[in-house]
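A.B. asks: Spelled out, the chains give:
There are 4 protein chains.
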Amino acid sequence: MIKAGIIGATGYAGEELCRILLGHPQAELAAVSSVSFAGKAISEVYPSLRGIFDGVLTGEEEVIARSDVIFASLPHGLSEPLAEKALAAGKKFIDLGADFRLDDPADYTQWYGLEYKNPGLHAGQVYGLPELYREKIAKASLVGNPGCYPTSIALGMAPAMKAGILDAGSIIIDSKSGVTGAGRGLSQTTHYPDCNEAFSPYKVAAHRHTPEIEQTLSDLGGEKVTVTFVPHLLPVNRGIVSTIYASLKKELAVEEIHALYKAAWGGEKFVRVLDLGQTANLKNVKYSNYCDISIHVDGRTGRLIVVSVIDNMVKGAAGQAVQNMNLLFGLPEAAGLEMVPPAF
Amino acid sequence: MIKAGIIGATGYAGEELCRILLGHPQAELAAVSSVSFAGKAISEVYPSLRGIFDGVLTGEEEVIARSDVIFASLPHGLSEPLAEKALAAGKKFIDLGADFRLDDPADYTQWYGLEYKNPGLHAGQVYGLPELYREKIAKASLVGNPGCYPTSIALGMAPAMKAGILDAGSIIIDSKSGVTGAGRGLSQTTHYPDCNEAFSPYKVAAHRHTPEIEQTLSDLGGEKVTVTFVPHLLPVNRGIVSTIYASLKKELAVEEIHALYKAAWGGEKFVRVLDLGQTANLKNVKYSNYCDISIHVDGRTGRLIVVSVIDNMVKGAAGQAVQNMNLLFGLPEAAGLEMVPPAF
Amino acid sequence: MIKAGIIGATGYAGEELCRILLGHPQAELAAVSSVSFAGKAISEVYPSLRGIFDGVLTGEEEVIARSDVIFASLPHGLSEPLAEKALAAGKKFIDLGADFRLDDPADYTQWYGLEYKNPGLHAGQVYGLPELYREKIAKASLVGNPGCYPTSIALGMAPAMKAGILDAGSIIIDSKSGVTGAGRGLSQTTHYPDCNEAFSPYKVAAHRHTPEIEQTLSDLGGEKVTVTFVPHLLPVNRGIVSTIYASLKKELAVEEIHALYKAAWGGEKFVRVLDLGQTANLKNVKYSNYCDISIHVDGRTGRLIVVSVIDNMVKGAAGQAVQNMNLLFGLPEAAGLEMVPPAF
Amino acid sequence: MIKAGIIGATGYAGEELCRILLGHPQAELAAVSSVSFAGKAISEVYPSLRGIFDGVLTGEEEVIARSDVIFASLPHGLSEPLAEKALAAGKKFIDLGADFRLDDPADYTQWYGLEYKNPGLHAGQVYGLPELYREKIAKASLVGNPGCYPTSIALGMAPAMKAGILDAGSIIIDSKSGVTGAGRGLSQTTHYPDCNEAFSPYKVAAHRHTPEIEQTLSDLGGEKVTVTFVPHLLPVNRGIVSTIYASLKKELAVEEIHALYKAAWGGEKFVRVLDLGQTANLKNVKYSNYCDISIHVDGRTGRLIVVSVIDNMVKGAAGQAVQNMNLLFGLPEAAGLEMVPPAF
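Residue numbers (this note's numbering), protein chains in the order written: chain A, -4 to 339; chain B, -4 to 339; chain C, -4 to 339; chain D, -4 to 339.
Excised from the complex, chain A in its bound form (with noise of 0.2 angstroms):
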């Protein structure tokens, strides 16, 4: 049993890499911390887990002392030396949060008003995306967890920029994100009667996610690509619709659009391609770690239009973490993420 733990439990994505790691078949949960419930048991702070996992929140020193991989789901800059140390004591690290995704130290200055303090670390980090970078992931100590919404984005993208179908300046996406994404910190954003009945963009084309998602994409077409990506605030716990919006090189038929995406997502179990018609929808990807792909065409303007969805807390953080635990690890890439999406 791999021993894992958790330095940031009682955050969203700290709680549901609980929840996914305690119905793993080959791993077992060591170790959790918190700043703010060190002390208590972890369960008094979600009580959906009481009689579970009563686990007491420690430390972090004392999670990475009892864990062969290291979770960690904080606020930017906190997970450096956080990973220093666990890779010096030999352990494997995959963080949640921003400090290891991006390549550039300049985009991370730039984005996140802080500098790469140890830029031997950073040589090492992989982006952990399975269905790009698996081969990458299997042979690295130290992961940098993709985002919530780079990873709707990348995955909805991949096989049309690879194919070099696209006009890399055109590309637009129109991200919408349930509540989960905002985190469990208080805001009057997400005070329950401001938010229900309620819908806007925020940090509309100013998201830290967009020097991530434009690595991604660069590095898939080969170009280096801008986009503009506005996310949105959306009514419900969980799930992430990304429409995104591009312009054809040339005119091709939708079905020959689909049937590269088919070629490419065929063999991979988390990403589905629907039916041409149909149109992906977040209900039907929650809680699981799918990630559903339905493809359009506007024939009136020339344009590729992909929905792509995912559950932001799964695929979109505690559950790709989890596929990346376990490509780390040489276990089955989907052990411990084989939940059947409910209908409702």
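It is worth saying that the hints were derived from the structure and are not from the lab. Incorrect hints may appear among the rest.
In this list, chains with the same sequence are indistinguishable; a pair is considered to hold if it fits within one copy or across any two.
What the hints assert, rightly or not - Capping the alpha-carbon separation at 27 angstroms, the derived lysine-lysine pairs in DSS-like fashion look like this:
#	residue 1	residue 2
1	Lys(-2)	Lys245
2	Lys245	Lys35
3	Lys86	Lys257
4	Lys198	Lys35
5	Lys198	Lys244
6	Lys131	Lys219
7	Lys198	Lys245
8	Lys112	Lys35
9	Lys257	Lys35
10	Lys157	Lys257
Keep in mind that this is a model prediction, so the values were computed, not measured.
Fit chains B, C and D to the known structure of chain A by using the hints.
C.D. replies: Structure of chains B, C and D alone, referenced to chain A:
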């Protein structure tokens, strides 16, 4: 007191018309009709009206006979003959359906599959968007009340279109509508457990409001405009958010564009251009006739992003229809529409 | 025009008072205060008011000075000294908090942990439930506006209590309130992902509205009444549903009890007794000052079941406060409160 | 591997059975039937299952032929003949409908309007509430799976009923159910805009689960129990909260009653008695087989208040049915039911 009648009063737009007209200081509800519920009091169908308006649902002929102005809220194709009768009887007619919105009969045939049977009638129709076509409406007897999506989009785009600052071929509109937009009729999609905690686009690049959107934008821009339009079903009762993307012909500071919008809409009671840095949210216009607009520029890609929000049932349907009625009869344009939007 | 001022205008009840008073034909909003947001326009806090009411938030003294009537919406204990000042200045005072609801100082001390500091002041207080105490209110200067739960319960129980048909010791009240009832302040309980798709009671048999409920029921019944009262947090923005159970002293046909209710409430504009066979639903009173009541009898157990629904922010707070203002100033009781409840 | 078949697989309980059985380590989904969708893959009806289970919907006979155990989820009256066939073929039968829950044929006739056609069949039926009737179930071939409301109520009341501490005539049950409880069929009540931001009771003191509730409580208490039961429709997808009120025969400290509950349920995996001071919330059991129970005493009125929450589709339907299957076949009782409830 203007005598107002409603044909199709038990649909959602019909009921909302009742609600608004019951509070109108210079109009009275003279008659209401329904095919499904004829003979019943409308308050049996909508108990919210109980004791306030218990009028009995009659037939269409009676509504026409008893009213100075007839509102029709019917599936497309059914309003044309009624409008003919009403005009022949010297009444005014405001259609909340699609029968009198499109100038080009070919558009109607292509998107709705029907033909205009009485071309002379359509020669006299006016598109009822008061902020754009106020003078024409005031002189008309037959008004095609705009669709909900087109209203949010026309108000959001008019200043930029008129100023000619956009690449006309670059417009992409990602809209999200509350579930009342789908009407009172039952469907699996709008069954609560299928619709709650769910989200997806529908009729991707194929929605019937597309030609109506293009007609207005073309008129405003003075050139043929073709757009990509994708609507989504949003799990809230009311409201539309349109997030609109378009490339700027040349670099413009967001302040300049904002000034353009303030100049264009500054005198309009029902259009509120938010300060720079604010973002429009449907919660601030619910249950009111306001349209809130926020202006954003993505400097990295040279795109204008406009967020335009309305209540789909008020400014997007019944409220705008009453605004048109006020124009038709020379009443103060805001009469009966002074509802302050509740904050929650 | 009556000059109305609001102390604590940025709380939910305060904002709702603004909304209602802005539509009042015989009152104007003279001043608003807030401790947290003093110096800002209230429309910065509530953008729904933008362009409609951009009044700047001042201090309490200024509100008292500029108003004929002062509404206070504050935590308990803070209204008492303000009422004293207002009355001394010859103004009228309507408190939406708990400081002037309870006749027995011991109740206030037991449930709120404070003491009445100025007993003389309390001697003049009137409990502002117009349908029950209209005459007294009309003569008063100081009104304790009822709590939201007690309003729904008093209106639901008054006819039966007065008729003496119930076993006074048998009353059990199971109430459910929308989340605005918890106010604008942030808490984990009202954080969207914790509150959405969730439901539970709170303060089981220990809610501070209990003595207020008992005070009114005892007064109506002419004997000391003790009830079991359990509130629940309902994942909707607005509305209270009180399901009330009580044993009938002797067998009575539901028709007899219904007739009793029709007789008692038939002349009241804002209380609607539904027909037998119908069931009250909060959706029919949202955004309005109505209270809908349905009457049921469980013949198998000899119990009366009353369902009483209101909008907690209107009839349960701001609307009733305006109704009291109308009484205090001899205006038509329904002035400014004619809002037709929207059906959706 | 046990071969499990589902008749009525496209109803909500049927689909939930699929989801649970697909994750069961010792059972496989052998056949599924549907009258409405025969010939289609079930994943066409529920796209959440796409790629996971694309089994084609067949007829009832085929399900019986191919399965060791048949789950039926059908309107009342339809299961009786199918059970007969299944038992005749040597199969086991678990009915999620109402045909095998009531011991007294008169109850079935009174509340469901039908008669038991094969009394011999009913002689062998067992009421499938494992925590109460585990031994009987293990020996049976025909199980009447309990209703959702009765499950929450029986588990919430069993320790108190067995201890004889309650006045049997005083029990009042106020239950609230998520909308999946109303099933997949369309109705105006469950149309999103009619159901969202709405709340009301239904079938007040007239719900068909009443005799089932009374049957179990009478059995546990050793005396005839008649209750008042009022269900409410709660605008969430899943979950039941039953708030149960009963008078204590004599004064008892809440600690004593809590100890009674801990003693009764301490050994049960799926029943969690919360610590004193905590309150059960449906969000903590969603998507799981747990029942959370909190105990409260209203000392002022001498009443016990029990709050019992379950997921109506899991412990209230499909999960409990699988628990029964496990008992019928001698599998570990929790097999396939170890889902950790998500916290959000």
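A.B. asks: Decide, hint by hint, whether the structure agrees.
C.D. replies: Comparing the hints with the structure gives:
Taking the shortest alpha-carbon separations for lysine -2 and lysine 245, neither the intra-copy value of 51 angstroms nor the inter-copy value of 52 angstroms comes in at or below 27 angstroms. Taking the shortest alpha-carbon separations for lysine 245 and lysine 35, neither the intra-copy value of 60 angstroms nor the inter-copy value of 37 angstroms comes in at or below 27 angstroms. Neither within a single protomer nor between protomers do lysine 86 and lysine 257 lie at most 27 angstroms apart by alpha-carbon distance, with minima of 37 angstroms and 42 angstroms respectively. Within a single copy, lysine 198 and lysine 35 get their C-alpha atoms only as close as 35 angstroms, which misses the 27 angstroms cut-off; across copies the closest is 24 angstroms, which meets it.
In the homo-oligomer, the alpha carbons of lysine 198 and lysine 244 lie at most 27 angstroms apart only across protomers (24 angstroms), although the nearest pairing inside one protomer, at 30 angstroms, exceeds that limit. Taking identical chains as interchangeable, the C-alpha atoms of lysine 131 and lysine 219 lie at most 27 angstroms apart only when both belong to the same chain, with a minimum of 22 angstroms there against 50 angstroms between chains. Proximity of lysine 198 to lysine 245 under the C-alpha cut-off of 27 angstroms is restricted to the inter-copy arrangement: shortest distance 23 angstroms between copies versus 33 angstroms within a copy. For a Cα distance limit of 27 angstroms, the shortest separation of lysine 112 from lysine 35 qualifies neither inside one copy, at 33 angstroms, nor across copies, at 42 angstroms.
In this assembly of identical chains, the alpha carbons of lysine 257 and lysine 35 lie at most 27 angstroms apart only when taken from different copies (22 angstroms versus 48 angstroms within one copy). For the homomeric pair lysine 157 and lysine 257, the shortest alpha-carbon distance inside one copy (13 angstroms) is at most 27 angstroms, but the shortest distance between copies (44 angstroms) is not.
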